[in-house]
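Each chain is listed here by its residues.
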Amino acid sequence: MKLKENIAISDSGYLFNPSTGESFVLNPLGMEVLQFVKKGKSFEEISKEVLTRYSVDSITFEKDYQDFIHQLRQYLLIGSDE
Amino acid sequence: MEKQRYERPILKKLEMGMPGKFGVAANLPPTTHIDGISVDSLVETYGSPVFILSEKTIRSVFKRAKKAFTTRYPKVQFAWSYKTNYLNAVCRIYHQEGSWAEVVSGFEYDKAIANGVQGQHIIFNGPDKSAIYLEKAIRNDSILHIDHLDELYTIIELTEKLAKKPKVAIRVNMDTGIQPMWDRFGFNYENGQAWDALNKIMHSGKLDLVGLHTHIGTFIMSPQAYGVAAQKLADLAIGIRQKYNHTIKYIDMGGGFASANTLKGFYYPGSDTNPTFDDYAEAITSALLNTQFTPDNLPLLILETGRALIDEAGYLLGTVIANKRLSTGKRTTIVDIGINLLFTSFWYEHKLTPARHYSQYTEATTVYGPLCMNIDVIRENVNLPLLNKGDHFVIHHVGAYNMTQWMQFITLRPKIVLIDQDGTAHVIRENETMDNVMNMEHLPAHLK
Ligand SMILES: Cc1ncc(COP(=O)(O)O)c(C=O)c1O
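Residue numbers (the working numbering), protein chains in the order written: chain A, 162 to 243; chain B, 1245 to 1692.
Just so you know, the hints here were simulated from the structure itself, not pulled from any lab data.
There may be inaccurate statements among the hints.
[Stated by the list, open to error] Straight line, CA to CA, 27 Å or less: simulated DSS-like cross-link-like pairs of lysine-lysine:
hint: 1; chain 1: B; residue 1: Lys1257; chain 2: A; residue 2: Lys199
hint: 2; chain 1: B; residue 1: Lys1450; chain 2: B; residue 2: Lys1408
hint: 3; chain 1: B; residue 1: Lys1568; chain 2: A; residue 2: Lys202
hint: 4; chain 1: B; residue 1: Lys1574; chain 2: A; residue 2: Lys163
hint: 5; chain 1: A; residue 1: Lys209; chain 2: B; residue 2: Lys1568
hint: 6; chain 1: B; residue 1: Lys1300; chain 2: A; residue 2: Lys209
hint: 7; chain 1: B; residue 1: Lys1256; chain 2: A; residue 2: Lys200
hint: 8; chain 1: A; residue 1: Lys202; chain 2: B; residue 2: Lys1300
hint: 9; chain 1: A; residue 1: Lys165; chain 2: B; residue 2: Lys1256
hint: 10; chain 1: B; residue 1: Lys1311; chain 2: B; residue 2: Lys1300
hint: 11; chain 1: A; residue 1: Lys199; chain 2: B; residue 2: Lys1568
hint: 12; chain 1: B; residue 1: Lys1493; chain 2: B; residue 2: Lys1450
hint: 13; chain 1: B; residue 1: Lys1493; chain 2: A; residue 2: Lys199
hint: 14; chain 1: B; residue 1: Lys1574; chain 2: A; residue 2: Lys224
hint: 15; chain 1: B; residue 1: Lys1574; chain 2: A; residue 2: Lys165
hint: 16; chain 1: B; residue 1: Lys1574; chain 2: A; residue 2: Lys199
[What the hints assert, rightly or not] Covered stretches of chain A (in silico footprint by chain B; criterion: 3 or more residues with CB under 8 Å from a CB of chain B, positions within the stretch not fixed):
hint: 17; region: 176-189
hint: 18; region: 222-230
Nothing here was measured: the structure is a model prediction, and the numbers come from that model.
Beta carbons: idealized from backbone N, C-alpha and C, even for Gly.
Please model the entire structure based on the sequences and the hints provided.
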């Protein structure tokens, strides 16, 4: 799973996809997770990181993570699994 | 190290150009407390869902409504519309504030009596008054608002047996320039039915015609329609005086004022745009004052206002069961409040606020009830913060009709709690139990 290369992310949580002209806004955790994905981290690594810092259980986070990735895929911001 | 509060990761597409239909007031402030008690503790103590009523709001809205009329007109009387919310505690608050009772069934009539309302302060409306209850009401000196000729004849018959002159009014329906026109109740003004009934009453000599009544509809957005209605009733009253030298004691304008809810399909919140008590009062009282009534002959003005008095005092607290995404990508939230408890969600875009602070991020969400039926939708489209499973929220302005028209359907009905003026909570109706429901059933022997 890889973030499309030409996508621009600003520090304040804006995301721009030049190939479609679409803009998006991310909340802070959305931003963090996206940065992890960009660095190529696996779900297990991301989950470990998030669970140590936020008050959330692993099941809830896994569900929300899948939903988030699904959204990225739906908006064609990541390629389908290679 | 203390962990940070979790908020699920989201990605939201920015729509350029037109502000979205749901862009208005996206970030509603949370409702953390009701009359000083935290929403979380109310849910903890009384369960979820739970209806909460604020006595403070009931009384202050009542005073506001009363003031709107009494500053414009010398003789005003409210009659609490029982069907709107007939919990005894609620009725007694209105009676303490000076309201009479307006009832439309034998059940409601008995409830008003049980609440200590004097017979002569009960107005009996509706098309279905049985002979037994007509007799009871006549003996108690209650006021009968006659709905149809069959009822008129039944009452005349009863006078022979009771040796009493019942106090009566007729319900009048009419064209006030608005749609729909409620013409199935009472006697029509334009086609002469109303005069026909009045003539029959006056010629019988057996009934005491004390008033004229109308109820032009509900959630009427046009104060002017009330002006038209008041003028037509005044015309009848003046005509009766001319023809029979008989003075009508009161004009009853019924209910129907809009509450602060937002009707479906309206863009702006009802709390900002719906007419106020002052608007309705201005239309009704100027119509009455501009007729030929002399100052010492002005009829008493009776109002049977329901939803506009109580909606604001009612809250429904609930809990998020799950978040889900539809195949279209649309976010949905499933909550423990269904249309079995909140049937007014068919009419209103009920205001829904979270019970604590969230970040500024929101998502357009459909809020579904728990009923496993497609029609169980609480809000079609609402911008909500990122509520998690188990989080609490508050639905506003639910005081009218929901606590009388709710259904025991699929789930059991919850508790109703009244917060008094000192901020103390009282359970005023228990939640239903399995026993309540089972005890009403009988099993035939062959099925045991
Ligand atoms: C005769 C009568 N009076 C008063 C009311 C109360 O109406 P609302 O709640 O619209 O004020 C009703 C409601 O239908 C009614 O039928």
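Verification of the supplied hints:
1. A hinted pair counts as satisfied when its Cα atoms are at most 27 Å apart, and B:Lys1257 with A:Lys199 qualifies at roughly 19 Å.
2. Between B:Lys1450 and B:Lys1408 the alpha-carbon distance is near 8 Å, which keeps this suggested pair within the 27 Å criterion.
3. Distance check on the hinted pair: B:Lys1568 and A:Lys202 sit about 26 Å apart at the alpha-carbon level, within 27 Å; holds.
4. For the suggested pair B:Lys1574 and A:Lys163, the alpha carbons sit about 24 Å apart, so the restraint of at most 27 Å is met.
5. Taking the CA atoms of A:Lys209 and B:Lys1568, the gap is near 24 Å; set against the 27 Å cutoff, the hint holds.
6. For the hint pairing B:Lys1300 with A:Lys209, the CA-to-CA distance comes to about 50 Å; that exceeds 27 Å, so the pair is violated.
7. Taking the CA atoms of B:Lys1256 and A:Lys200, the gap is about 22 Å. The hint holds against a cut of 27 Å.
8. Proposed proximity of A:Lys202 and B:Lys1300 is contradicted: the alpha carbons are some 56 Å apart, above 27 Å.
9. For the hint linking A:Lys165 to B:Lys1256, the alpha-carbon distance of about 17 Å falls within 27 Å, and the restraint holds.
10. A threshold of 27 Å between alpha carbons decides the hint, and for B:Lys1311 with B:Lys1300 the separation of about 16 Å falls inside it, so the pair holds.
11. With a C-alpha separation of about 26 Å, the suggested pairing of A:Lys199 with B:Lys1568 holds against the 27 Å cut-off.
12. Using a Cα cut-off of 27 Å, the hinted pair B:Lys1493 and B:Lys1450 holds, with the two alpha carbons roughly 17 Å apart.
13. The hinted pair formed by B:Lys1493 and A:Lys199 fails the criterion: a straight-line CA distance of about 81 Å is larger than 27 Å.
14. Taking the CA atoms of B:Lys1574 and A:Lys224, the gap is near 16 Å; set against the 27 Å cutoff, the hint holds.
15. Between B:Lys1574 and A:Lys165 the CA atoms are separated by roughly 23 Å; this keeps the pair inside 27 Å, and the hint holds.
16. Distance hint between B:Lys1574 and A:Lys199 is fulfilled; the C-alpha atoms sit about 25 Å from each other, no more than 27 Å.
17. For the region 176-189 of chain A, the stated coverage by chain B holds: 8 residues have a C-beta nearer than 8 Å to a C-beta of that chain, and at least 3 were required.
18. Under the rule that three or more residues need a Cβ within less than 8 Å of chain B, the assignment of the region 222-230 of chain A holds, with 5 such residues.
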